[in-house]
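Trainee: Residue-level listing of the chains:
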Amino acid sequence: MAVQALDAARLPVDWAKLVQKLALATALFVVAYGVVPAYASGYLVEAILLPFLALSLAAVGLNLLTGYCGQLSLGSSAFMAVGAFGAYNFNLRVEGLPLAVTMILAGISAAGFGVVFGLPSLRLRGFYLAVSTLAAQFFVQWALTKFGWFSNDNPSGVISAPHLAVAGLSLDSATGRYLLSVTTVMVLTALVWRLVNSATGRNFIAVRDNETAARVIGVPVLRTKLLAFAISSFIIGIAGVLWAFTYLRTVEPAGFNLDRSFQILFIIIIGGLASIRGAFLGAAFIVVLPLFLSRLGAFLFGGLFDSGVLDMSQRIVLGAIIIIFLIAEPSGLSALFDRLKRRIGSRSS
Amino acid sequence: MTFFSHLRKAAIATAFVLGATAVHAEEQYFPLQSYRVGPYAAGGTGFFGGFIDYLNLINIRDGGVNGVKLAWSEGETQYEVEKGVEVYERLKSNPGIAAWNPLSVGIAYAMIDRITDDKVPLITINHGRTDTTDGRVFPYVFPLLLNPYSETSGIVNYIASKEGGLDKLKGKNIVVLYHGSPYGKETIPIYELLSQKYGFELSQIEVPHPGNEQQAQWLTIRREHPDYVVLRGWGVMNPVALKTAQKTGFPADHIIGNVWSNSEEDVIPAGDAAKGYTAITTQASGERYPVVQEIVKTVYGDGKGNLEDKSRIGSVYHNLGIVNGILNVEAVRIAQAKFGNRTLTGDEVRWGFEHLKLDPARVEALGAKDLFHSINVSWDNHEGDGYVTFQQWDGKKWNVVSDWIAPDWKLLRPIIEKSSEAYAKEKGIKIRTAEDADAVVSN
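So the protein lines, in turn, are chains A and B. Just so we're aligned: the first sequence equals residues 4 to 352 in our numbering. Just so we're aligned: the second sequence equals residues 471 to 913 in our numbering.
In short, the hints are calculated from the structure, not lab data. What you are looking at is a predicted structure, and each value in this text was computed from that prediction instead of being measured. You may find that some hints are simply not true.
As the list claims (entries may be wrong) - Examples of chain A residues toward chain B, derived with CB under 10 Å:
hint	residue
1	Gly151
2	Asn200
3	Gln317
4	Arg318
Beta carbons: idealized from backbone N, C-alpha and C, even for Gly.
Work the whole structure out from these sequences, hints included.
Mentor: Below you can see the structure in the form of structure tokens.
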């Protein structure tokens, strides 16, 4: 009886939340598929949205591994490279392979790779694991440079993106590539969201919070860790495909260097660990803020200093902002966002 | 509220300022993806400095090209592909774009599809993707003066001349030390081909970007005991190579630098280790050329010089920027003669580049005699048969030690066509004819 009453009392609140969530999702859809393709400028799509989407997806992938499962990895850009070069080769070698299949196969290659380089996680933790994932970074770059086959024997080792089409519809225009990118990101993010709210997702968190305790209560730690590596690498691999095919449209192995891995790691730290929203907020911060600063700097002082001085001072400002942010909110932008929402909520009520 | 009203006032004021500067007379615009910070800043500041100095000279001395003023703005790329693409997207909305000059192979690669869609020329002077020489497949890309294969051929021919003829190369041992980037790797197949053709032994060793640690590579070289080392470096890799060579006991006068290892910035930091080092160039260094003198007098005299350090005037990169300026401006001038003295479209400037023929007499008239030799671009040859020369560092300055040498274009052309045709097939590009090249988009 008491339980029933409690349920009845809670029901209206849940409905309101559901409606709110539905409205938010609808708004997101309208913006992503209506407003952006119709009104966004070429610059916004090519220079901001495409890198933002690819990096967000990579951050979602890494967040699954590092944020949820607690396994620190510095191999993200290697997995991106495997995805990008995998997709290029599947597309090149198999005639008439649909784009979606190419991307999934590329993701699976990256996942296989992730599992192999995830094996040390069974014995190593924390920084030691991070250092061992560095091996992935160096190995992939070495292999892609060493064996010309991967880049179809292009002398300079640069691959260029193939013609993109889904069901005969060309996606080569900026809008087409954007739509491909945003759809991929949405689908994979939805899947990840389902995953972290499932039993497997709770296993991830259990392994992160206390491995011994997780083992005691019957979580298959071994399998969970490898699964985290596999799924995370799959997603990062597809992010690599987006980076190569929709954003840059040409890729060299050196483009996937350690800097990129660090960039993705910083995205999830700044955005908020174990938060899907954090991956997007962090990516927006890392992609958009430097551009904003450089535009602002050029606008305010463009005539006074040359672009080199401006670039240097912009880095100083960016560094300072990151430090201030992390002092003010060590749990990242996502937590900051929640705090802001609560404050607005309490004010309006 | 007051904050927002302030903000609105500021926004309106900004809009006015922007609107006021947006009104222009006839102008031809050069978007510059420059790099003034990062490991390659020496190349970037020198090259873009020279380029801007020449554009300034044309504006101040001549009032523009036939009355059309030259305009430009810069975006910092740090030689990084992502930043280069961002700057491209940012600057491409400016009206009257003449040509892009990114001075980075990586950025140029990422731009090929984009500029082909936009129908605006992409200039990769002395570098770039070799097969873009074939204008039949790459209508908008111009590796002017010297593509990487011609450079390779020029270097091998020079080594042969030092040894007493191409037949003397047989059995010689040459090591190529290359920068681990698309630029560095571009010549791997052509060195291999020339090694088979002339029968010299060859090993090619990579130095990972940026190249400030080369102990292992030079120990390998020491074991190999080569007759010559070709240094295909870039930025900080070059002085480190020269210093490490000295440490491992390899003589500097048997190291031949390529066209991106030939500047003062490459040898001065190496100090004594660079004495005797020889490098290829398409444009001589020094201030004695009339056009450089005019820049010193008119542009720097006016306080509008771009180089902060005036001792770099006439350096290799600065002079390359000036030559690049000459080629860009002359392409605009040639296109104006056909299409009228007004702001041209990118496609019209492309036509200008495809008719960019400067014989030694015209080069002298431009005040650049001995600065560079000549150029002869056509619709299907986008390199333009540039000549090379070799200069040796004596510890203080570069001295020219050879005549103008012609690379073996006949040998290279079939290889280039094979590669470009394969690219056309992969991308489904229709091979252009002379008639296609004359169809120009003018709106």
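Trainee: Broken hints, numbered, in rising order?
Mentor: Number 2 - this is the single hint that the structure violates.
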